[in-house]
Amino acid sequence: MILFYSKDCSPDLTGHADVGCLSNLHKSRSQTYNVFTCGDTATSWRYTKQSIVATSSNHAEIIVIYEASRECVWLRSIIHLIREKYGVKYDNLPTILYRDNSAYIAHLKGGFINGDRTKHILLKLFYIYELQKNDDINVQQIRSTDNVTDLFIKSSPITTFKKMVHKIGMQRLRMFSLG
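Under this note's numbering, the first residue of the sequence shown carries the number 50, and numbering increases by one thereafter.
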């Protein structure tokens, strides 16, 4: 398998993020997963244990989106630098970051800090709210079955697996002639 970057693909950066709540019961840590594609091909993916203990599933969701937004800002700056250096014209559109949790997206649109459920969470974790307000990132909902992070963490039926592999730009090597 190879990652294939086509010259005719979309130059937009897109992200997918997900969380595995309390997937490490002995250490009470959740897992963070994110995948970013540029030109319809994976450019960055991450699977890691969260650095702090989440006190709720909502807290774990906020941590995962914070980590994904930091990666997104870094990728956007690298892409901007490369395009600027080589004179490539582009629109500075917000990066779409997909999440499969509708409750989280409702919290984001409401501004998060509005009650007892989030007042204990570190303020830096609400960085995504500022990024969305400044039009750098646009968090949108996606069906859980369409979230490409599942490719790296869940066993899936072969049809779902093939769909996810295609979505991140992976293709079989035999599809290309090497001569």
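Do not rely on the hints blindly, as some may be mistaken.
When the alpha-carbon atoms are kept at most 20 angstroms apart in a straight line, the in silico SDA-like pairs for lysine to any residue are as follows [claimed, not checked]: (1) LYS173 - VAL102; (2) LYS173 - ILE191; (3) LYS212 - ILE191; (4) LYS182 - ALA155; (5) LYS211 - TRP94; (6) LYS173 - THR92; (7) LYS158 - LYS134; (8) LYS158 - GLN181; (9) LYS212 - LYS98; (10) LYS216 - GLN181; (11) LYS216 - ILE191; (12) LYS134 - ILE154; (13) LYS216 - THR92; (14) LYS216 - LYS182; (15) LYS182 - ARG125; (16) LYS216 - LYS138; (17) LYS211 - PHE201; (18) LYS134 - LEU124; (19) LYS158 - ARG119; (20) LYS203 - GLN80; (21) LYS134 - VAL122; (22) LYS212 - ARG119; (23) LYS173 - ARG78; (24) LYS173 - ILE154; (25) LYS138 - LYS211; (26) LYS212 - THR90; (27) LYS173 - LYS216; (28) LYS158 - ARG132; (29) LYS173 - ALA91; (30) LYS212 - GLN181; (31) LYS98 - GLU120; (32) LYS203 - ASP149; (33) LYS173 - GLU120; (34) LYS173 - TYR115; (35) LYS138 - LEU124; (36) LYS212 - THR92; (37) LYS216 - THR63; (38) LYS203 - ASP184.
I should point out that these hints are in silico values taken from the structure, not numbers from a laboratory.
Being a predicted model, the structure only gives us computed values, none of them experimental.
Quick rundown of the hints versus the structure:
| no. | hint | in the structure |
| --- | --- | --- |
| 1 | LYS173 - VAL102 | holds (15 angstroms) |
| 2 | LYS173 - ILE191 | violated (25 angstroms) |
| 3 | LYS212 - ILE191 | holds (15 angstroms) |
| 4 | LYS182 - ALA155 | holds (14 angstroms) |
| 5 | LYS211 - TRP94 | holds (18 angstroms) |
| 6 | LYS173 - THR92 | violated (26 angstroms) |
| 7 | LYS158 - LYS134 | violated (36 angstroms) |
| 8 | LYS158 - GLN181 | holds (9 angstroms) |
| 9 | LYS212 - LYS98 | violated (26 angstroms) |
| 10 | LYS216 - GLN181 | violated (25 angstroms) |
| 11 | LYS216 - ILE191 | holds (14 angstroms) |
| 12 | LYS134 - ILE154 | violated (36 angstroms) |
| 13 | LYS216 - THR92 | holds (12 angstroms) |
| 14 | LYS216 - LYS182 | violated (28 angstroms) |
| 15 | LYS182 - ARG125 | holds (16 angstroms) |
| 16 | LYS216 - LYS138 | violated (25 angstroms) |
| 17 | LYS211 - PHE201 | holds (13 angstroms) |
| 18 | LYS134 - LEU124 | holds (15 angstroms) |
| 19 | LYS158 - ARG119 | holds (19 angstroms) |
| 20 | LYS203 - GLN80 | holds (13 angstroms) |
| 21 | LYS134 - VAL122 | holds (18 angstroms) |
| 22 | LYS212 - ARG119 | violated (27 angstroms) |
| 23 | LYS173 - ARG78 | holds (19 angstroms) |
| 24 | LYS173 - ILE154 | holds (18 angstroms) |
| 25 | LYS138 - LYS211 | violated (33 angstroms) |
| 26 | LYS212 - THR90 | holds (13 angstroms) |
| 27 | LYS173 - LYS216 | violated (32 angstroms) |
| 28 | LYS158 - ARG132 | violated (31 angstroms) |
| 29 | LYS173 - ALA91 | violated (27 angstroms) |
| 30 | LYS212 - GLN181 | violated (29 angstroms) |
| 31 | LYS98 - GLU120 | holds (15 angstroms) |
| 32 | LYS203 - ASP149 | holds (15 angstroms) |
| 33 | LYS173 - GLU120 | holds (15 angstroms) |
| 34 | LYS173 - TYR115 | holds (8 angstroms) |
| 35 | LYS138 - LEU124 | holds (17 angstroms) |
| 36 | LYS212 - THR92 | holds (18 angstroms) |
| 37 | LYS216 - THR63 | holds (11 angstroms) |
| 38 | LYS203 - ASP184 | violated (32 angstroms) |
Hint check: violations occur at hints 2, 6, 7, 9, 10, 12, 14, 16, 22, 25, 27, 28, 29, 30 and 38; the rest are consistent with the structure.
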